[in-house]
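In our numbering, the protein residues as written are 1163 to 1357.
Worth double-checking, as some hints may not be accurate.
Cross-link-like lysine to aspartate or glutamate pairs, in silico, EDC-like; alpha carbons within 20 Å at most [stated by the list, open to error]:
(1) 1193 to 1165
(2) 1193 to 1347
(3) 1272 to 1288
(4) 1272 to 1165
Everything labelled a hint here was simulated from the structure, so no lab data went into it.
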Amino acid sequence: MNENITAVILCGGKAQRMNGADKGLQLLMQKPLYQWVYQAIAPQVSEVIINANRSIEQYAKSQLPVITDQLTGFLGPLSGMLTGLQHAKSDWVLFVPCDTPYLPVNLVEKLAAARLTNTQVVYATDGEREHPTCCLLHRSLIPALSTYLQQGHRRVLGFLQQQAYQTANFADQKNSFININSVDELNFYCNKKEK
């Protein structure tokens, strides 16, 4: 990829459905989930940053920059996105959740290709479901996102669709957006990989 794009892996949530365990550090085939995500996106971008609000030392062992939310209280993915936009050196920032280990190798290419002249947001869809946390955001969104969060809003899709947005269709790669939200799902995919 010739364009300078920063990626932020969102690892900052509470992981309530994972019994409170830090989701990004849960092992899939002896490798933390966030490392699967890193391996998928690193070749597609110029820099990768981790957004985490706990287990900072463990994430720092990756040698990647680790940033914490500026807003306190585990306010959800949008808070991590705001922090990522504020820290990124590039105009465009890719955001991906830490629990999607099978991301497509052409994620950035397809998201970037969907932009129009005034586009500020491009997020992934698989033709049936929208995947707003797999998105490309422009840094010009910082003021609008900051205001949205200060007003108490938390819905990612709600914010993205208020902006100049486009979608990128990954209908032929639906399984690339499987996310692992619970211990049962993690066990299922561990067993599936072993077979």
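Cross-check of the supplied hints:
Proximity of residue 1193 to residue 1165 is assessed by CA-CA distance (about 30 Å); at most 20 Å being required, the pair is judged violated. Straight-line distance between C-alpha atoms of residue 1193 and residue 1347 comes to about 16 Å, which keeps the hinted pair within the 20 Å bound. Between residue 1272 and residue 1288 the CA atoms are separated by roughly 12 Å; this keeps the pair inside 20 Å, and the hint holds. Between residue 1272 and residue 1165, the direct Cα distance comes to roughly 13 Å. Compliance with the 20 Å bound is thereby established for this hinted pair.
Checked against the numbered hints above, the structure violates only hint 1.
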